[in-house]
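Chemist: So you can see what is in the structure, the chains are spelled out below.
There are 2 protein chains.
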Amino acid sequence: MNSPEDRLLRTIAKATKAAKPKGSLHLGLGDDAALWAPRAGFETILTCDWFLEGSHFLRGAHPPDSVGWKCLARAVSDVAAMGGEPKCFLLSLALPLSHAGRWLDRFLGGLRRAAQRFGCQLAGGDTTRRHQILINIMVVGEVRAGKAILRSGAEAGDLIFVSGRLGEAEFGLRSLLRGRTANRRGSPSVEKHLYPEPRLALGHWLAKMGIATAMTDLSDGLSSDLPRLCAASRVGALIDAGKIPSVDPAKGLHSRASAADRPALALNGGDDYELLFTVRPRKARQMPSRLQGLPLTCIGKITRKKAIQVVLANGQKKNLLPGGWDPFRR
Amino acid sequence: MNSPEDRLLRTIAKATKAAKPKGSLHLGLGDDAALWAPRAGFETILTCDWFLEGSHFLRGAHPPDSVGWKCLARAVSDVAAMGGEPKCFLLSLALPLSHAGRWLDRFLGGLRRAAQRFGCQLAGGDTTRRHQILINIMVVGEVRAGKAILRSGAEAGDLIFVSGRLGEAEFGLRSLLRGRTANRRGSPSVEKHLYPEPRLALGHWLAKMGIATAMTDLSDGLSSDLPRLCAASRVGALIDAGKIPSVDPAKGLHSRASAADRPALALNGGDDYELLFTVRPRKARQMPSRLQGLPLTCIGKITRKKAIQVVLANGQKKNLLPGGWDPFRR
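Just so you know, the protein sequences line up as chains X and W, in that order.
Numbering that gives the first Met the number 0 numbers the first residue of the first sequence as 0 and each following residue consecutively.
Numbering that gives the first Met the number 0 numbers the first residue of the second sequence as 0 and each following residue consecutively.
Since the hints were made in silico from the structure, they are not lab data.
Certain hints may be false.
All copies of an identical chain are treated as equivalent in the list; a pair is satisfied when it fits inside any one copy or across any two copies.
Straight-line Cα separation of at most 20 Å, SDA-like style, residue types lysine to any residue; simulated pairs [to be verified]:
1) 21 / 146
2) 13 / 230
3) 146 / 36
4) 16 / 111
5) 21 / 36
6) 146 / 38
7) 21 / 231
Please put together the full structure from these sequences, using the hints given.
Modeler: Shown next, in the form of structure tokens:
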């Protein structure tokens with residue numbers, strides 16, 4: 000029990016205060032596997048996400064506590080997108096020995112803050128040594144049986160909504176990489192890129208109210224994620240470019256050049272972790288314009304015709320081509 | 000839905016025939032997350048495992064279908080070690096574009112064979128592009144509530160058992176890397192290294208009969224895994240080197256040099272995925288010497304004294320130091 004791997008596991012367990020399982024988690028860290036049983040009347044949500052150095056974050060540009068926060072936030076966002084509540088997670092971590100000290104402490108600090116914020120307890124995982132930092136997070140959530148909001152429930156005529164403003168996280172990433180010290184921290188878009196907030200309250204509210212017919216989270220960008228929702232529902236969509244809420248010019252757009260980027264950022268920017276969902280027209284009256292301060296905006300409607308089209312400012316219709324994050328396209 | 004990542008997901012879904020969830024799996028591939036609910040009276044087992052090129056397999060030496068088989072077998076072995084049955088899994092796969100064709104097909108072939116063999120259905124996952132092949136498998140299993148066999152239940156006086164023969168997989172790896180064509184396939188030890196069999200039937204039988212007090216699987220080697228079981232149970236162990244079943248000299252040991260390696264291989268060799276478990280002395284009479292052909296051998300006993308000791312052929316007692324696989328030691 001004094002091997003370096005065992006010591007690493009103890010560091011993780013201590014830093015995340017995950018020794019004693021609670022609630023539906025019956026057994027946590029320290030055995031071959033975790034034991035879990037959902038509450039009566041609930042289903043378990045299972046999802047996993049890569050978070051890899053060089054692909055999803057940069058060792059030099061991203062603070063370790065942001066890496067810890069974001070790896071969990073990304074995976075928790077998939078639970079929000081089903082209308083569920085996150086409960087526990089498994090952490091698979093590969094890292095260099097050189098990073099098993101201070102970097103790891105700060106990483107675990109961000110992870111612990113995120114775990115507390117999202118109500119999600121470390122239940123287990125796997126560690127190994129590697130020259131690059133590799134992370135895989137598997138999140139377990141709960142949703143009342145039969146209440147999960149799938150991608151496949153949208154029908155022609157349904158209205159399409161998004162939460163928040165799109166393209167902010169991508170804009171934040173650009174500011175971060177430009178490396179202007181003033182922009183690196185404190186700017187809302189940089190904060191959104193570094194410490195995204197999965198829309199748990201909204202997802203949970205939509206599932207409870209039974210308002211949304213289909214839902215997904217915007218991780219790869221609207222132009223990539225909307226076609227996935229439409230394909231699962233076997234429908235198309237017509238959205239209005241002018242209605243898409245984009246980066247607030249008052250909060251971070253400093254030049255005419257970046258102002259011109261706003262529509263493209265809103266369509267293609269990834270990492271926003273906002274929710275995209277559809278609502279039957281007769282239920283649209285129940286939709287508030289904000290939920291707990293988060294703007295909810297109707298950007299178009301679902302069509303029988305399977306094309307994904309966008310109406311531009313000049314009234315012209317154009318097919319929307321996926322331009323968001325797809326690691327296999329680059 | 001025609002992005003390269005979406006096409007890769009469809010290839011995986013098609014190759015693993017995982018479109019329609021069944022049993023406790025309510026929703027599989029194609030949404031933000033999977034939905035799962037265990038049968039009444041059962042708990043869910045959750046476990047995950049890295050399987051990384053360069054650390055756990057070599058692109059040149061390991062056939063792609065072995066990579067597919069073994070990544071799932073390793074994770075399923077943790078379910079066997081709890082006395083449970085595997086049910087479904089999430090596949091996180093990162094690979095180079097150059098491997099998204101023939102290599103992927105063969106990888107998925109091995110994965111599908113393993114999934115059928117273990118009764119474990121693909122439920123979801125995440126894919127990304129990467130210059131190296133990275134795999135993380137998360138397995139979901141079931142065990143009757145309260146019947147899981149933990150690492151923490153061993154008491155002083157319990158007898159220590161192992162299944163199978165130890166060191167075979169490590170010996171197989173050495174044969175594979177020596178690259179003698181005759182040894183590469185067909186030899187039982189090479190087969191055990193490439194296509195390990197998690198001891199599901201044994202784990203399940205032990206849980207059902209209530210015979211084992213503590214259990215873990217031998218993934219890193221006896222000298223690493225026994226101390227973990229003992230630490231979880233707050234006990235020590237005294238094992239008899241002469242009783243440890245090691246590589247069968249009739250099946251693959253070709254030289255005096257390798258014959259001399261047998262005790263070290265049995266103590267430190269990794270990747271066997273045999274089960275290590277403890278039994279109260281009064282229940283030991285119920286232990287058969289074989290279960291479905293698999294040898295079960297008593298190798299020592301649990302002690303109140305927390306040291307992990309081995310009795311050598313000359314009667315001398317020696318502390319057993321972890322010499323198995325620990326990625327942070329190398």
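Chemist: Each hint: holds or not?
Modeler: Comparing the hints with the structure gives:
no.	hint	in the structure
1	21 / 146	between (24 Å within a copy, 19 Å between copies)
2	13 / 230	between (44 Å within a copy, 16 Å between copies)
3	146 / 36	both (18 Å within a copy, 13 Å between copies)
4	16 / 111	within (8 Å within a copy, 38 Å between copies)
5	21 / 36	both (11 Å within a copy, 19 Å between copies)
6	146 / 38	both (14 Å within a copy, 19 Å between copies)
7	21 / 231	between (36 Å within a copy, 19 Å between copies)
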